[in-house]
Amino acid sequence: MRYAMAIDTLKCVGCSDCVVACQTENNVPHGYARDWITETVDGVYPSLELEFRSERCNHCDNTPCVRTCPTGASHIIEGGIVKVTPGKCIGCGACIQSCPYDARFSSPEGWVDKCTFCDHRIANGQDPACVEVCPTHCMYFGDLDDKNSNVSKVIANRKWKVLAPEAGTDPQIFYLI
Amino acid sequence: MKTTRRDFIKISSLGAGTIALGTPAIKFLAGADDSENKGKSGAVTRTPNYCEVCFWNCAGWVYKNEEGKIWKIIGNEDDPHSYGRFCPRGTGGVGMYYDEDRLKTPLMRVGEPGNQTYKEISWDEAFEHIAGKMKEIGGKYGNESIALFKHGSSGKHFGKLMSAFGSTNQAGPAYAQCKGPREEAFALTFGEPLHSPEPLDIRDTKCLVLIGSHLGENMHNGQVQEMSEAIDKGVTVITVDPRLSTAASKSKFWLPIKPATDTALLLAWINVIINEELYDKEYVDKLTIGLDKLKDHVQQYTPEWAYGITTIEPSQIRATAKAMADASPSVIVHPGRHATWYGDDTQRIRAIAILNALLGSYGRRGGFYLPTKAKLPGFPSEKNPNPAWSWRDIEPEKYPFASDGVTNLLVDGSHPDYKGKHSIKAWFVIGTNLPVSIPNTKRTVEAMDNQEFIVVIDTMPTEITGYADIVLPECTYLERYDDIRVSPHREPNIALRMPAAEPKYESKPAWWMAKELAKRLGLDAYFNFENYSEVLDWQLKQIGSSLEEMKKIGVKKFEREFDDLYFAPGEIPEFFTGSGKIELYSSELAAYGFDPMPVYKPLPEPEAGFYRLIYGRAPMHTFSRTANNPNLTDLMKENSVWINPKVAKEWDLKNDQKIWLKNQDGAISSFPIKVRVTERIRWDSVYMVHGFGHKDKRLSRAFGHGLMDTEMITNVLIDKESGGTGMRSNFVTFLTEKPEKEVQS
Ligand code: SF4
Ligand code: SF4
Ligand code: SF4
Numbered sequence: 001m002r003y004a005m006a007i008d009t010l011k012c013v014g015c016s017d018c019v020v021a022c023q024t025e026n027n028v029p030h031g032y033a034r035d036w037i038t039e040t041v042d043g044v045y046p047s048l049e050l051e052f053r054s055e056r057c058n059h060c061d062n063t064p065c066v067r068t069c070p071t072g073a074s075h076i077i078e079g080g081i082v083k084v085t086p087g088k089c090i091g092c093g094a095c096i097q098s099c100p101y102d103a104r105f106s107s108p109e110g111w112v113d114k115c116t117f118c119d120h121r122i123a124n125g126q127d128p129a130c131v132e133v134c135p136t137h138c139m140y141f142g143d144l145d146d147k148n149s150n151v152s153k154v155i156a157n158r159k160w161k162v163l164a165p166e167a168g169t170d171p172q173i174f175y176l177i
Numbered sequence: 001m002k003t004t005r006r007d008f009i010k011i012s013s014l015g016a017g018t019i020a021l022g023t024p025a026i027k028f029l030a031g032a033d034d035s036e037n038k039g040k041s042g043a044v045t046r047t048p049n050y051c052e053v054c055f056w057n058c059a060g061w062v063y064k065n066e067e068g069k070i071w072k073i074i075g076n077e078d079d080p081h082s083y084g085r086f087c088p089r090g091t092g093g094v095g096m097y098y099d100e101d102r103l104k105t106p107l108m109r110v111g112e113p114g115n116q117t118y119k120e121i122s123w124d125e126a127f128e129h130i131a132g133k134m135k136e137i138g139g140k141y142g143n144e145s146i147a148l149f150k151h152g153s154s155g156k157h158f159g160k161l162m163s164a165f166g167s168t169n170q171a172g173p174a175y176a177q178c179k180g181p182r183e184e185a186f187a188l189t190f191g192e193p194l195h196s197p198e199p200l201d202i203r204d205t206k207c208l209v210l211i212g213s214h215l216g217e218n219m220h221n222g223q224v225q226e227m228s229e230a231i232d233k234g235v236t237v238i239t240v241d242p243r244l245s246t247a248a249s250k251s252k253f254w255l256p257i258k259p260a261t262d263t264a265l266l267l268a269w270i271n272v273i274i275n276e277e278l279y280d281k282e283y284v285d286k287l288t289i290g291l292d293k294l295k296d297h298v299q300q301y302t303p304e305w306a307y308g309i310t311t312i313e314p315s316q317i318r319a320t321a322k323a324m325a326d327a328s329p330s331v332i333v334h335p336g337r338h339a340t341w342y343g344d345d346t347q348r349i350r351a352i353a354i355l356n357a358l359l360g361s362y363g364r365r366g367g368f369y370l371p372t373k374a375k376l377p378g379f380p381s382e383k384n385p386n387p388a389w390s391w392r393d394i395e396p397e398k399y400p401f402a403s404d405g406v407t408n409l410l411v412d413g414s415h416p417d418y419k420g421k422h423s424i425k426a427w428f429v430i431g432t433n434l435p436v437s438i439p440n441t442k443r444t445v446e447a448m449d450n451q452e453f454i455v456v457i458d459t460m461p462t463e464i465t466g467y468a469d470i471v472l473p474e475c476t477y478l479e480r481y482d483d484i485r486v487s488p489h490r491e492p493n494i495a496l497r498m499p500a501a502e503p504k505y506e507s508k509p510a511w512w513m514a515k516e517l518a519k520r521l522g523l524d525a526y527f528n529f530e531n532y533s534e535v536l537d538w539q540l541k542q543i544g545s546s547l548e549e550m551k552k553i554g555v556k557k558f559e560r561e562f563d564d565l566y567f568a569p570g571e572i573p574e575f576f577t578g579s580g581k582i583e584l585y586s587s588e589l590a591a592y593g594f595d596p597m598p599v600y601k602p603l604p605e606p607e608a609g610f611y612r613l614i615y616g617r618a619p620m621h622t623f624s625r626t627a628n629n630p631n632l633t634d635l636m637k638e639n640s641v642w643i644n645p646k647v648a649k650e651w652d653l654k655n656d657q658k659i660w661l662k663n664q665d666g667a668i669s670s671f672p673i674k675v676r677v678t679e680r681i682r683w684d685s686v687y688m689v690h691g692f693g694h695k696d697k698r699l700s701r702a703f704g705h706g707l708m709d710t711e712m713i714t715n716v717l718i719d720k721e722s723g724g725t726g727m728r729s730n731f732v733t734f735l736t737e738k739p740e741k742e743v744q745s
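Top to bottom, those sequences are chains A and B. First residue of the first sequence: 1, per our numbering; consecutive thereafter. First residue of the second sequence: 1, per our numbering; consecutive thereafter.
Same shape as in the complex, but just chain A (with noise of 0.2 Å):
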């Protein structure tokens, strides 16, 4: 099992329904947020391209952040999904520092917090929150050990990138281009 996200930039709008559907699912407070959306622009007008991307923990195979965690705080769970035990952690940021996505943040709370691939749904056979709302339905949650799952099926038929592939952590969530 090997949980994993594919989003198509072709479609996605930019709207950040996916990060409030994720702060009002998970209870994230006000002025903090498990995921985010960038936006890149390149070219000169009237030539330009314009791509939105909807970004969060990578859930990576290659964990910086469980690996820098003293406390245990931080790990893996079935599927692969990256988690945080907040009555471990200690706040200590290292995990913050070392993640190459910035996917990390401190609550206000004390402990960190980021994306959990909302596994207290898949628990229950949703998606998450955030495909589960997109507008664009430009997002495909699944198992990538199952071909027959629809992230498998997309990343096979078309282009794809992952970000940041030089900080060697293996992402896995798939850009599809």
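Honestly, the hints are just simulated from the structure, not real lab data. Only a predicted model underlies this, so the values are computations on that prediction, with no experimental measurement involved. Heads up, some of the hints might be wrong.
[What the hints assert, rightly or not] No farther apart than 20 Å at their CA atoms in a straight line, the calculated lysine-lysine pairs in the PhoX-like style are these: (1) B/K658 / B/K695; (2) B/K233 / B/K252; (3) B/K295 / B/K581; (4) A/K159 / B/K252; (5) B/K133 / B/K425; (6) B/K295 / B/K601; (7) B/K281 / B/K295; (8) B/K233 / A/K153; (9) B/K233 / A/K159.
[What the hints assert, rightly or not] So the derived label-pair ranges between C-beta atoms look like this: (10) A/Y32 / B/P396: 52 to 60 Å; (11) B/K322 / A/P100: 46 to 54 Å; (12) B/E740 / A/F105: 40 to 48 Å; (13) B/D232 / A/Y32: 31 to 39 Å; (14) A/P70 / B/K674: 37 to 45 Å; (15) B/Y505 / A/I177: 48 to 56 Å.
We put the beta carbon where it would ideally sit given N, CA and C, even for glycine.
Using the hints provided, position chain B with the ligands relative to the given structure of chain A.
Using the frame of chain A, we list chain B with the ligands on its own:
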């Protein structure tokens, strides 16, 4: 078409008349029917609602957590407006409920008009005072002299009250500040306005032309979703925009047009499509009238001619015309929604309508489908009195094609410079922040200062509340019943709104306010119910459903009565125009002395050092009303002014630098705005998102954040056909130092 759809309309009005029988069958005790929704401890519960954060009115479920607190809102899978997915504003709608800046109690102005000091009063005092004033002003000047400005679902309840009271001086910015010209242009061409949601068959279209729309930034939910589906199926998107909009970035063709020249491009497209015989010959032959006249008329509008005006290359104009024709009839030249741009808007959208007619897209798969509605009878009520005059009589010569109340006419009739016989003396304003929604704030304020009495009903202390004599706090859509949503769509469908929680603070639903006022005005007979749930249950039972059923399902769909989603092959429908045909040449326009076919007329250009102000929408905000929503300000808390790098260099402007704007009439912005240097905007224009720069300090998150575009919109060009207020003929320049004048607060 005429047979099936006309009959349909007839049947439904007949239905409503025959069932007008007196007392409703079932009575609930006020509030008692909500008990099952008071979240039981330990269980997550959900109640149906339809979203009020924008006019799309998506249906969904309001979830409450184990403690019974409103938690999240999720789309209803059966809903054709949302297809089970809300847009960011709808998802963040919980913030409308939790916003701690909400209006909490009825307020009464203390002292003189203009003095913004208020005292809290009870609902009883408020109603006694308002009813007294209504009687007094109605007695002096006639009940017609009291006008209603309204928006959204709650506006309807006060609409009923005012109609019962004898005033049809009712208008909303949704017409003259938004889609008015579009509705008239389509009515003049095809015999019917488009209504909302627009019957665009985007999911099955092969070519989508966006020339008045930035879908994806305006989150017209169903359309955004269908566009995405069409992208998956390989649709050709053509976007005309001086700005690289989100949609433009997803388009096969982006035509970076010089702003204010759209009509020239549209006419050149018509020229190519006719001259190169790219139009749908059989359709145009059988269904339309005026092709010969149109052909002659557009000979002058060649692509080469248009190039000099629009800066779009003739080859691009031809290639895009060809792409549309290749997809015909599965092509949509999008009619847009906020259409009040340049004061010639009915004519510009007529060109869009004509283009669709030539491409044979109206009434065809992948073009415009033919919508239908559920037939929900109205709740039995007294017949309304006939008012002696109405908004049209304020300036009888003006706007002959306006089919709905024109807000700016009501402002004219309220203004001290009004010379006619039909003056407005008092205002009710519900759900619309007029100083921001109607352009030329100064004139609106002068009109308000000239009123004897103003009542404002809202959920938030927006700018308009500062002009009121009485402010009534409305509860949010998550805390109330409203009318059943009955919308035109592919299938008839209805949706229920019910309270998910008790109204916070002292706030109350608009239906209750209207009813309580009616009592004090002796108009009880028009509000013959205790709780609005009775009205809904009675109505629902007439069509084989019930409140109980709707509480469980939220949305109910019905079969179409006729198999007429599109015209049948070979069908020759009759249209509700003067000629019964689609009018390429409009005899009606000609009869009133307007251009029967659209003519290109150059619009004013900015002087050196000035840039055309273009405004638009961000996906996470609606107008000016979400700027204080705690969830949505998290996503975007202020607007910025987009400036092309060349221009920024000339002015030495940097990203995030705060500047003030000044327009061609010398109006200076109250607040500064951050610069965004970006290639996404042309060098002759600047762009900003509408709805920021709030001036009321009671909006703690929105106050002073960003700039209010309407402050810069002092040159308003009015569409003579419909009364729509064109707002895109304003030019701004940059002030890098804080201007001398005091910043208002
Ligand atoms: S909800 Fe979907 S379309 Fe909107 S920003 Fe997120 S991924 Fe993009
Ligand atoms: S994205 Fe950052 S936080 Fe997430 S698994 Fe990778 S390194 Fe860790
Ligand atoms: S489009 Fe968005 S804001 Fe408008 S009604 Fe739907 S969910 Fe609400």
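Hints versus structure:
no.: 1; hint: B/K658 / B/K695; verdict: holds, 17 Å
no.: 2; hint: B/K233 / B/K252; verdict: holds, 14 Å
no.: 3; hint: B/K295 / B/K581; verdict: holds, 17 Å
no.: 4; hint: A/K159 / B/K252; verdict: holds, 19 Å
no.: 5; hint: B/K133 / B/K425; verdict: holds, 11 Å
no.: 6; hint: B/K295 / B/K601; verdict: holds, 19 Å
no.: 7; hint: B/K281 / B/K295; verdict: holds, 14 Å
no.: 8; hint: B/K233 / A/K153; verdict: holds, 17 Å
no.: 9; hint: B/K233 / A/K159; verdict: holds, 17 Å
no.: 10; hint: A/Y32 / B/P396: 52 to 60 Å; verdict: holds, 58 Å
no.: 11; hint: B/K322 / A/P100: 46 to 54 Å; verdict: holds, 47 Å
no.: 12; hint: B/E740 / A/F105: 40 to 48 Å; verdict: holds, 43 Å
no.: 13; hint: B/D232 / A/Y32: 31 to 39 Å; verdict: holds, 33 Å
no.: 14; hint: A/P70 / B/K674: 37 to 45 Å; verdict: holds, 40 Å
no.: 15; hint: B/Y505 / A/I177: 48 to 56 Å; verdict: holds, 50 Å
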